[in-house]
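Protein chains: 4
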Amino acid sequence: MPNKRDLILRATEKIIASSGIQGLSMQQVANEAGVAAGTIYRYFKDKNELILELRKNVLAHVAAFILEDHQLGTLEQRFKRIWLKMHSFGKQRTPTNLSYEQYAHLPEINNEEIRNIEITLFAPLKQLFDEGKAAGIMQPLHPRALYALSMEPAMAIARTTRRGQIQYEPHEIELACDLCWKTILIPIKPTH
Amino acid sequence: MPNKRDLILRATEKIIASSGIQGLSMQQVANEAGVAAGTIYRYFKDKNELILELRKNVLAHVAAFILEDHQLGTLEQRFKRIWLKMHSFGKQRTPTNLSYEQYAHLPEINNEEIRNIEITLFAPLKQLFDEGKAAGIMQPLHPRALYALSMEPAMAIARTTRRGQIQYEPHEIELACDLCWKTILIPIKPTH
Amino acid sequence: MPNKRDLILRATEKIIASSGIQGLSMQQVANEAGVAAGTIYRYFKDKNELILELRKNVLAHVAAFILEDHQLGTLEQRFKRIWLKMHSFGKQRTPTNLSYEQYAHLPEINNEEIRNIEITLFAPLKQLFDEGKAAGIMQPLHPRALYALSMEPAMAIARTTRRGQIQYEPHEIELACDLCWKTILIPIKPTH
Amino acid sequence: MPNKRDLILRATEKIIASSGIQGLSMQQVANEAGVAAGTIYRYFKDKNELILELRKNVLAHVAAFILEDHQLGTLEQRFKRIWLKMHSFGKQRTPTNLSYEQYAHLPEINNEEIRNIEITLFAPLKQLFDEGKAAGIMQPLHPRALYALSMEPAMAIARTTRRGQIQYEPHEIELACDLCWKTILIPIKPTH
DNA sequence: AATGAATGAGGATTCATTCAT
DNA sequence: GATGAATGAATCCTCATTCAT
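If you're matching them up, the sequences are chains A, B, C and D in order. Each residue of the first sequence is one higher than the one before, starting from 1 at the first, in the working numbering. Each residue of the second sequence is one higher than the one before, starting from 1 at the first, in the working numbering. Each residue of the third sequence is one higher than the one before, starting from 1 at the first, in the working numbering. Each residue of the fourth sequence is one higher than the one before, starting from 1 at the first, in the working numbering.
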């Protein structure tokens, strides 16, 4: 029998994915999780904490998925592996992804605790960019800027697919990925 | 005396900007707008319509700002003007921008009406990419993909600044903008 | 051009007939009557007075219809004329009748003013029974009791027809009317 | 401890009896019943359902009272027992009766469900008339017409008493009851 | 006299949270 | 630990009424 706290988190995630954060009632969570309403309060102080805990939890899952095997191979291989994982994660209509998107751009209530977790979880990404810069092959920009330039497109492209707007061919995705990689590289002056 | 409908929209925008869509009560809107609660219902059928109308309204403002003078100059000038406007818009902590961000990534409830408005308003952007492809200088990808590759970073970078995480130097922004432009171009083979 | 006060009364009647007294809003009345909401208040102090005035007005109309020509003919002819008029009035799906039925059995808030009006308007009916008793042909009961015994069935039968439950043949109505008449008569002892 | 659902129904009945259906607020019901406003919604979906359920409930109570022992004795005894019970029920100023009267003649919204319940509950009355007709002693009219002719007066007379208009002597009620019984009988031709 | 925009109190309903069992 | 009935504050919305024009 699965951990009850987790049961509740998954139920919450599912509801947020389908009805949005606004459409989240504790009773619904209880029903979906198959526990009594009061039980939720044994695991989470209140609704806010439930949402916050889910947010952390989801963030950890996302990071785990995206950064799997992140340390293997050359810089380019590492970058592209992450980019493609981001893209394939972003395409999914899973509760995890759908609820993640809800959170990602929420209000400015960008809770500091959450921000720290983000920083910790995505440290490998930062390191990738730092290594690239140290090696002199990446543009001299803040890692976050390099992230924005090269990784945000992965999510953005995935979003259009997830929303059913556009279906890309595999070669298009590869092209996009490659363009993103080249974007942040310092171009090699052609030698004569 | 200012238009009352607009007064209500601006009040709504302000509240959404500061407390998020969830933290929006009709009473708050009424107070902020300086009207009676019932008055809102003379201009908007219900809360949903108020939010929807604001969404349209904000979208139009954003588009107007970003696409100002969009048709002047070369492709590159046009692209960079839009990119920089996007970036400078995205940096702002104005109610318009803050509430826009709330909407932009909301749930899948990406209302069809809204989507059509988006398409109409951002048609000039699409045209820019179509022209670039027709001229054979841009990568053979869907305009939305080109948008994702080259424009999303403008917003993403602006977001980190707006959230107080990083302050970029002007030359960094120019670099980022230039990299975005080059990203979607077909590189010219160096001639000997 | 019709009297505006009356316009409002007719509109009110119509709405009550179709949606019941509960479903009566001043705005609706204004729309139906083709006047502004504020105008109603030039003719009626408030909603209560509007309803009360309509009640009186409807009562007068009902009485006028039912008691038309009430004084012509023998007692029996007079009785049966009234009975049949009641029945034919009660069958109608007119706003007047439908709103009358709403009022007739309302709460105990059987306003004294209304009661006096009822008494005045239906005085001819009372007189009919008083004459019958004076002539020694009607049962020695209070006129109201005689009314209840002989006239209520006219309305009750009409109601079932109006509600579409039963369609009676003309001869059945005549029989019912005749039975009602005989009910309140003192039976004549058969002579040898 | 009394059933809470019933507590709420009785409170509703009481308020309707004194202030009419229009004067029914959920808060009032809650206060009168001694529960929180939200509690009502555990037992009834919304105000409409509360009213509908009360209507059914009251109808059942009325039928139970009126039809008690309805099957004992001769046709005449059965008829008169019911008539007198109707009359004595109708005289009462109990919440049950007062709210019943509110419902009985309400709008045309004579809900089908309610109508079916009425039919079921008052089946014994219909049977009484059918038996009378089968025995050849009652007028050849639809049972509903026989009901209208002979039973409506019981309620109508009771109403005047309840409203404090007239106090009848017991012998008057007996007379009225007897007249109602005779009304629907086929008179026996006097033999020579 | 007439209008109809504005008001704001009041009502139905929801829902996070508590607590007796 | 778990339950779920009960709570009541908070919210959306309606609508009688007013009043400046």
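Rather than coming from a laboratory, the hints here were simulated on the basis of the structure. Be careful, since some hints might not be right.
Which copy is meant is left open, so a pair is good if it fits within one copy or across any two.
Said to hold, decoys possible - Each computed DSSO-like pair below joins lysine-lysine, with the alpha-carbon atoms no more than 27 Å apart:
1. Lys91 x Lys133
2. Lys56 x Lys189
3. Lys4 x Lys56
4. Lys14 x Lys47
Same-copy or cross-copy closeness of Lys56 to Lys189 [CA-CA at most 27 Å]: Close neither inside one copy (44 Å) nor across copies (47 Å); limit 27 Å.
Copy assignment of Lys4 with Lys56, given that the CA separation must stay at most 27 Å: within (17 Å within a copy, 42 Å between copies)
Alpha-carbon proximity between Lys91 and Lys133, which holds within one copy, between copies, both or neither at 27 Å: Between copies only: 26 Å across, 30 Å inside.
Intra- versus inter-subunit Cα pairing at 27 Å for Lys14 with Lys47: both (15 Å within a copy, 25 Å between copies)
Of the hints listed earlier, the one the structure fails to meet is number 2.
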